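Student: Listed here are the chains, written in short residue letters.
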Amino acid sequence: MKRLISVALFALALPTAWAQDADSGSVFADVLYTSKGHALKNVMVTFVDGKITAITPGATAGEDTPRGAALTAGMIDLSARVTYSSTAVEQTNEVEASLSVAGALDLFDPEWLRMARTGTTTVLTTPPDRNVVGGLCAIVKTQGSTDIAKRQLKGRTFLRGAMGDAPSSGNRPAWGSPNSIYNRRPTTRMGVEWEWRKAFFDAAAAKDYPELEFPGADVFRAVLSGNVTLYVQAFTAIDMRTAVFLKEEMKAEGFGDIQMWLDGTAEAWKDPQLLQRSGTGVVLPPFPSNGYSGEGSFFAWFVAKDLDQRGIPFALSAHGETQAGRTLADQAGRAMRGGLEFEKALAAVTLIPARVLGLEDRLGSVEVGKDADLVLWSGPPFELTSRVLAVWVSGETVPAASTTPR
Amino acid sequence: MKLFPKNLSAALTCMAGAMVLATPALAQAKQAIKAGTVITMDGEPIQDGVILMDGTRIIAVGKASELEIPWDAEVTDMPDMVAMPGFVEAHSIDGTDRSNESLDVVPFFDVNDSLNPVDFYFEDCLRYGITTINVQQGNDTVIAAQGAIVKPVGKTVDALMVMPQSGIKMSATPKRGKSRATQAAALRKAFFDLRMHLEDLVDQKRQGLDTSRREALAQGRDYEGEDAKGRKMAGKGWVVDGLDLVPRVEVDEKMAPLLKVVEGRSKVYFYCGFPADVHLAIETAKINGFLDQTVLVLGGGCYKAIDEIVEAKVPVVLSPRLVYTETDPITEEETQTFEAKVFLDRGVPFALASADSGMESLWFQAALSVGQGLTREQALAAVTTAPARMIGLEGRVGVLKAGADANVVLFSGDPLSVRSQVEHVFVDGKQVYDRSKDPRLKHLFEGQRPAGTAVDEAAADAGRESVEGKESKDKDEDK
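Those sequence lines, one after another, are chains B and R. The working numbering numbers the first residue of the first sequence as 2 and each following residue consecutively. The working numbering numbers the first residue of the second sequence as 745 and each following residue consecutively.
One thing to keep in mind: the hints can contain errors.
Derived coverage of chain B by chain R (criterion: at least 3 residues anywhere in the stretch with Cβ under 8 Å from a Cβ of chain R; other residues may be distant) [as the list claims (entries may be wrong)]:
# : region
1 : 69-80
2 : 179-193
3 : 202-208
4 : 298-309
5 : 398-407
The set of hints was computed from the structure by calculation and includes no laboratory data. The structure displayed is predicted, hence computed values, not measured ones. All C-beta atoms, glycine included, are put in the ideal place defined by N, C-alpha and C.
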């Protein structure tokens, strides 16, 4: 607190010239939810050059200061499927670990702006699951430079792949002579899993047998040594198990201890012990209206509350949906409908994903020194009756959409 | 315990009174619902309110401190809950088996024949607090079947029925395979055919060709009732002179429902999927004289036709997609229009529509509308009183007041909060839904771990133990 006040005084002492900068300014809210369990009243948050410089509770709003009922940190979607087209993944190989989706992102896509407007300020983008291992993921903010080198926060930290139906869907065995690229890919769950194991075994064995070396083997070795996190899509309980067993098999073989997060785990509630045992975290898919999620999985509403009570780390995702009522904020609301407390729901879209990304020092909470990724709300966050009034990404205001009917 | 009131002498007096009254009243006893808040949709919400019901009707609504609860009323006391009138769906194509029809013009069909009372849709309606639904044929049509207003309770079509033949669906949006021009031509032809038919009937009568009457008499029967008489044709658009010469029963059964429309005796739900369709709908309604019976069922973006809608003075059912997003093709600038606000500002009565039969139901749409800029009162009206007026049941549904149907929904809290749930639903005075006894919702909220896969009993996990411990304790309490 002492530090907080001293910084606040320092900020007040500054000349006001910086207020003109695009990535500096201040915002006032009736309540600030810091994501660290604090709710501060009548708070002025000031930021300079994209970083939060002061948090002053009990302040009074200036006339020009943007003002709202609540302020939170910008939300983070770990499974924002933006640019989710077939051109964002190289399909000629089943296992393509050497490429990164960063090279396939269309930073001019209007979806980025739409996502930013709904309060999602940072995303983990994955290659679409059209082969078994799609490649490296990219962590980017939803607004900023259109140069991917500047926009990407961190590279080579997540390797994406999928279990289940997605990598084999559309594939077929060749009858007679092969007539399509889709003749040569796995057509079953077993085939998908075999590709995974082959990649890990080859990558591990290539130390002694160089002929087994393949492009991207180094990434698999980085996964085995825990330097790159494995991020696996697994909607159903059976796919969840396949992924966890793979991790355990690699450990049993002495190849290494894999850091793993599962994505789209609608059926996490069916086998929470497995997740506890293996220390695996999960990213939940959007809450469906009628219970059914991807690949025929059943997504019970209480799942977020259940995972929380069992101490299993989890984050929420909207899969990049920006339609009113289905945004990331609305997913947090739906998790609350299933019994999750507000603070836990807030953490699941801010602090926890920031931790998963290894960017806790910059993102995920409202604290002095962190990035000025902020969302201003008209009422209690995550309620349908509230809306996002304004969003800042790295201190820059996200331009609002025109609401004048045309 | 309720059978033995404390004040015995009062009870005896009442019992004497009850004996004088017809005894069936006891079968549908008086009921009282007490709730922490009662949102009546007829004035300010009442704190600590009570709703008195007698049989299927509400007889009084007021403050618990001011309204005396009859001694023989069964009392449901929910001090922590919020009572609302059941929501009203002004237009739905759910609850039917195959909602579209391949024939173009079928006003002689009736949605009754495709209603499926055991459709999960009706269960979902209760789960999300909808108690009145105007079911219409699908939008892929020219002139569709007659719809029906139903309640989501009952195992037969008769049991569901609130109002049969509640109105006819028409579409100004081209049916699959049609162009806009052929759709317009098909609409005009349907009314032209009706007119020709009626004129033929009159001509035949004037020429003394009374074949159908003679045929009936030859078969040993005669026309009966109102329809045996001729009636002068009513109609604000056009009339056929001399129709009073023709007994109404002689009008072709396939045409009769459309005659009802032209005479202004039937509602019309006119679907306009695009702004360009609004003109055709209004023109058709105007020419054929049923504009004041018309409700427009709109697709996204139809606010663009607002001037024409305002001039026509027709109410509208809004697109379930509340925010219409449009990107300028040149500047790529995005416009997000919350359509309800446009209609509100221009004074057009509007109702909201559910986006799906699950979570994104009327309460969800109302809550989102508050987020987008309606007041709570406006949003709630758009799912209760406004649709009730549109479907012709004003004062009967969508409101809690004396004389209204006893359709009451009890929410665990603010009806527009994501955290609130529908706990109890009363339809026609009967409790028809209790969340604690809803196995499907339990499955949706609590899942159901398949045997042998989930729980390792010996797992020494504190979090897990506390959960399991609580569950088993709850079970014990149930015993």
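Student: Determine for every hint whether it applies to the structure shown.
Tutor: Evaluation of the provided hints:
Here the region 69-80 of chain B counts 0 residues with a CB under 8 Å from a CB of chain R, which misses the bar of 3, and the coverage is violated. Counting residues of the region 179-193 of chain B whose CB lies closer than 8 Å to any CB of chain R gives 0, so the stated coverage by that chain is violated, three being the minimum. Given a C-beta distance limit of less than 8 Å, the hint that chain R covers the region 202-208 of chain B is violated, as 0 residues qualify and 3 are needed. A count of 6 residues in the region 298-309 of chain B with a Cβ less than 8 Å from any Cβ of chain R is obtained; the coverage claim is therefore met, three being the minimum.
Given a C-beta distance limit of less than 8 Å, the hint that chain R covers the region 398-407 of chain B holds, as 6 residues qualify and 3 suffice.
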